[in-house]
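Visitor: Taking the hints into account, I'd like the entire structure generated from these sequences.
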Amino acid sequence: MPTLIELKDGVCRPAEDPFTHVADDEDLPPGDVIVSLTRFQQEGDRLLSEGRRVGVRLKSDEEVEALAYDLPRLAVVAFDFPKYRDGRSYTNARLVRERYGFKAEVRAVGDVLREQAGFMARVGFDAFEPADDASANEWQAAIRRYRHVYQRAADGRAPAFVEREA
Amino acid sequence: MKALTANRLSDGEVVFWKDGRWIERFADAQLWAGDDPAAIEAEGEGKAQPLVVVDAYLIDLVEAEGFWAPVSYRERIRALGPTNHLHHGKQAEGGAAIEALQHASGAARSTGRVNLIKRK
Amino acid sequence: MYQYDTLDKEMLADRSAEFRGQVARRLSGELTEDQFKPLRLMNGLYLQLHAYMLRVAIPYGSLNPAQLRKLAWIGRTYDKGYGHFTTRTNLQFHWIKLADTPDILDHLASVDMHAIQTSGNCIRNTTTDPYAGATAEEVDDPRVWAEAIRQWSTFHPEFSFLPRKFKIAITAAPKDRTAARVHDIGLVLKRARDGALGFEVIVGGGMGRTPYVGPTIKEFLPVNRLLSYLEAILRVYNRHGRRDNIYKARIKILVAALGKDEFAKQVEAEWAKIDRDAGEGGADLPDTELARIRGAFATATFETLPAVSEAFETAKASTPAFARFVRNNVKPHKKPGYGIVEISLKGIGDTPGDATSEQMETVADLAERYGQNDIRVTHEQNLVLPHVRLDDIPSVWAGLAEAGIATANINLVSDIIACPGLDYCALANARAIPIAQHIAEKFRDPDRAEKVGELKIKISGCINACGHHHVGHIGILGVDKKGEEFYQLTLGGSGAEDASLGSILGPALPYDRVAGAVDTLVDVYLREREDGERFLDTFRRTGVAPFKEAVYADAH
Numbered sequence: 001m002p003t004l005i006e007l008k009d010g011v012c013r014p015a016e017d018p019f020t021h022v023a024d025d026e027d028l029p030p031g032d033v034i035v036s037l038t039r040f041q042q043e044g045d046r047l048l049s050e051g052r053r054v055g056v057r058l059k060s061d062e063e064v065e066a067l068a069y070d071l072p073r074l075a076v077v078a079f080d081f082p083k084y085r086d087g088r089s090y091t092n093a094r095l096v097r098e099r100y101g102f103k104a105e106v107r108a109v110g111d112v113l114r115e116q117a118g119f120m121a122r123v124g125f126d127a128f129e130p131a132d133d134a135s136a137n138e139w140q141a142a143i144r145r146y147r148h149v150y151q152r153a154a155d156g157r158a159p160a161f162v163e164r165e166a
Numbered sequence: 167m168k169a170l171t172a173n174r175l176s177d178g179e180v181v182f183w184k185d186g187r188w189i190e191r192f193a194d195a196q197l198w199a200g201d202d203p204a205a206i207e208a209e210g211e212g213k214a215q216p217l218v219v220v221d222a223y224l225i226d227l228v229e230a231e232g233f234w235a236p237v238s239y240r241e242r243i244r245a246l247g248p249t250n251h252l253h254h255g256k257q258a259e260g261g262a263a264i265e266a267l268q269h270a271s272g273a274a275r276s277t278g279r280v281n282l283i284k285r286k
Numbered sequence: 287m288y289q290y291d292t293l294d295k296e297m298l299a300d301r302s303a304e305f306r307g308q309v310a311r312r313l314s315g316e317l318t319e320d321q322f323k324p325l326r327l328m329n330g331l332y333l334q335l336h337a338y339m340l341r342v343a344i345p346y347g348s349l350n351p352a353q354l355r356k357l358a359w360i361g362r363t364y365d366k367g368y369g370h371f372t373t374r375t376n377l378q379f380h381w382i383k384l385a386d387t388p389d390i391l392d393h394l395a396s397v398d399m400h401a402i403q404t405s406g407n408c409i410r411n412t413t414t415d416p417y418a419g420a421t422a423e424e425v426d427d428p429r430v431w432a433e434a435i436r437q438w439s440t441f442h443p444e445f446s447f448l449p450r451k452f453k454i455a456i457t458a459a460p461k462d463r464t465a466a467r468v469h470d471i472g473l474v475l476k477r478a479r480d481g482a483l484g485f486e487v488i489v490g491g492g493m494g495r496t497p498y499v500g501p502t503i504k505e506f507l508p509v510n511r512l513l514s515y516l517e518a519i520l521r522v523y524n525r526h527g528r529r530d531n532i533y534k535a536r537i538k539i540l541v542a543a544l545g546k547d548e549f550a551k552q553v554e555a556e557w558a559k560i561d562r563d564a565g566e567g568g569a570d571l572p573d574t575e576l577a578r579i580r581g582a583f584a585t586a587t588f589e590t591l592p593a594v595s596e597a598f599e600t601a602k603a604s605t606p607a608f609a610r611f612v613r614n615n616v617k618p619h620k621k622p623g624y625g626i627v628e629i630s631l632k633g634i635g636d637t638p639g640d641a642t643s644e645q646m647e648t649v650a651d652l653a654e655r656y657g658q659n660d661i662r663v664t665h666e667q668n669l670v671l672p673h674v675r676l677d678d679i680p681s682v683w684a685g686l687a688e689a690g691i692a693t694a695n696i697n698l699v700s701d702i703i704a705c706p707g708l709d710y711c712a713l714a715n716a717r718a719i720p721i722a723q724h725i726a727e728k729f730r731d732p733d734r735a736e737k738v739g740e741l742k743i744k745i746s747g748c749i750n751a752c753g754h755h756h757v758g759h760i761g762i763l764g765v766d767k768k769g770e771e772f773y774q775l776t777l778g779g780s781g782a783e784d785a786s787l788g789s790i791l792g793p794a795l796p797y798d799r800v801a802g803a804v805d806t807l808v809d810v811y812l813r814e815r816e817d818g819e820r821f822l823d824t825f826r827r828t829g830v831a832p833f834k835e836a837v838y839a840d841a842h
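As you go down the protein sequences, you meet chains A, B and C in turn. Just so you know, we're using my numbering here: the first sequence kicks off at 1 and counts up by one. Just so you know, we're using my numbering here: the second sequence kicks off at 167 and counts up by one. Just so you know, we're using my numbering here: the third sequence kicks off at 287 and counts up by one.
If you're looking for bench data, these hints aren't it; they were derived computationally from the structure. It is possible that some hints are incorrect.
As the list claims (entries may be wrong) - Chain C is faced by these chain A residues, among others (derived, beta-carbon under 8 Å):
| id | residue |
| --- | --- |
| 1 | T91 |
| 2 | V123 |
| 3 | R164 |
Nothing here was measured: the structure is a model prediction, and the numbers come from that model. Just so it is clear, CB atoms sit at the ideal spot from N, CA and C, and this is done for glycine as well.
Guide: Next comes the structure, spelled out in structure tokens:
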């Protein structure tokens, strides 16, 4: 089972992952699953009616707008980083939080490296499948690296211009 | 003829392969005939030292004033230093081997990096 | 000038500590080169031909004397006693050791400097008018907005992995000294009839392999809405910019593919949504923060002086070399009795943009003594003392002359932009610096150079166009022909308010024919020019034919 790191109230902890990633050509196992957008569009209603929790995994060239009406039914939205350099999932994550007010888990999957953990936390990711075997402690250190931030984002941190007024 | 070059990880210095280690002067570099499989072997050994050098690769050489010189202009600049500051880089020490490099001409390929297309 | 507060300083300290750890992990083998390379690049550290190169950010080209002295000290301590000012108004050290860089970043942080986002596919250093706060032409001080963008773009969590690098320029004067129209975003500050300030927003200009003069997508953006509008542009680009081909990944390709109207429409739609997302707090900087930043730039104090300085006039009359310096390097200041002094880093035979540690210290001393502690870097690789009393300019000139940086050639034929080229750069195809040196030598006679007048020569050692060749009145691009250095000449480019891209003169020339060809081009111009015409004006009137004929005459 891949390591999962959860970020809650500013603290990173290793977590058991109750979800199974299911590829489009795989048979569905029992229990909670994360499926592609395509598969969700075809089978989502049925999966949800079975009483299990369902997550959707969006590729970096898919846009979160495609999920707008389904978000309330989803337990997880996972955004893929095919390469850490592909920054589209940062926008998707921020929008799912700020524009669609999604409160459940937003998970980073793919080429997920601790060097980018701080950016990911800021745009609203709260669960990570690290590709670099980083520990929860290392993830925590990466997220807390900077004492201040300059701009508003999805994590609610007060930017420098707000701190300055305090 | 061929030689093996890289940049040293710790300081970026241009280095050349000689008998299993990296040295700084092109004039001291180990040379192989174009078809000598030992060159490829050395390249493999060099690449297997990621804590010593970055990006080891073979370069082609031509003869200049009785010395061997890199075919490509880029590699000659690496072996010498920048042409706008003649007292900077390896060329500062002077001597016949350096002068031969400075006078070398007759580039035959753009980079002198052997197997460049295959490598990338 | 803007002063870093505790928050700004702690950001730099945190960054420096992070990079120290990353370097240690690389040297210990915990990080591979493939993993480390993007991390070092985000800190401006490249591996070039001879050594590592560290690119230090100089936000909007603004320096104080302590900062310039620190750069001089770093040059002396960790490099070979010099630094190279770039067309992004940054400074590069060319002989840096990897193991030294964490210490260097600490030394930089001690004077509020850093190398953040001087490389990588992120928002790079914003450039602005080097005469900001000093020229009467400007409608308002553009540095306020450059600093706002610096903070907004620093470690931006959504826009640190864009399809490609992203460069913004801001000008507030009708005479554009920033090349705004060939940037990813160019912002031109304007004042409406009712006095309100706003930006003309130009998007999708650029150089490189596919050059464009950028179109205007918004005629008047109220200034206090700048950051949310930038956020909308960047978001559209981050989502839709091409990521499949590095040569088609800049925003100019997206804007050209969509057409400017469709692109503008998408930006407007996203902008409206950003407003709704933000709710009451708003998506822009609060007025209090803008006022704080504005206050930091309003600190220059000017004496009430007569418009004419006797000392200045006497020196001009008695010392022809000083008079020449004034004609070319001293520009009008908004306050009577003051001047803007340009310091050319283009001495004949020198490397364009290079300054020795001693020269940097001289400039720092002069800025402290005569220049209100203010130093600017221009995108044309020169320095500026923006506020000097006319009374003091003779002393400044004497100090510069002693340091070998009183060359009176600003905007003249020998004031050449050149990238480091194949002498240093791992990407280059051909050398740029020696070409600049050879051309400058041809125009060593200052009378001839002045007779030629404004002529902007810009040289790049490869198609990436760091030397801005597309917008040179004469542009020179180094290319590689079977391992030999060749140079393609273009004529008629301009990066100023009359922006245009140069047209190719003819077949590329070998290394040793370039300076002679430029000499020939200048002769044609002197023969053809009508009253008051610059080289560019003559070229635009006559077209390429007479120039082409002269340069390639002996090929017939």
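Visitor: Run every hint past the structure and note whether it holds.
Guide: Each hint tested on the structure:
A hinted interface residue such as T91(A) counts as satisfied when its beta carbon comes closer than 8 Å to some beta carbon of chain C; here the least separation is about 5 Å, so the hint holds. Because the beta carbon of V123(A) sits about 5 Å from the nearest beta carbon in chain C, less than 8 Å, this interface hint is met. Hint status for R164(A) relative to chain C: holds, with the closest Cβ pair at about 7 Å, below 8 Å.
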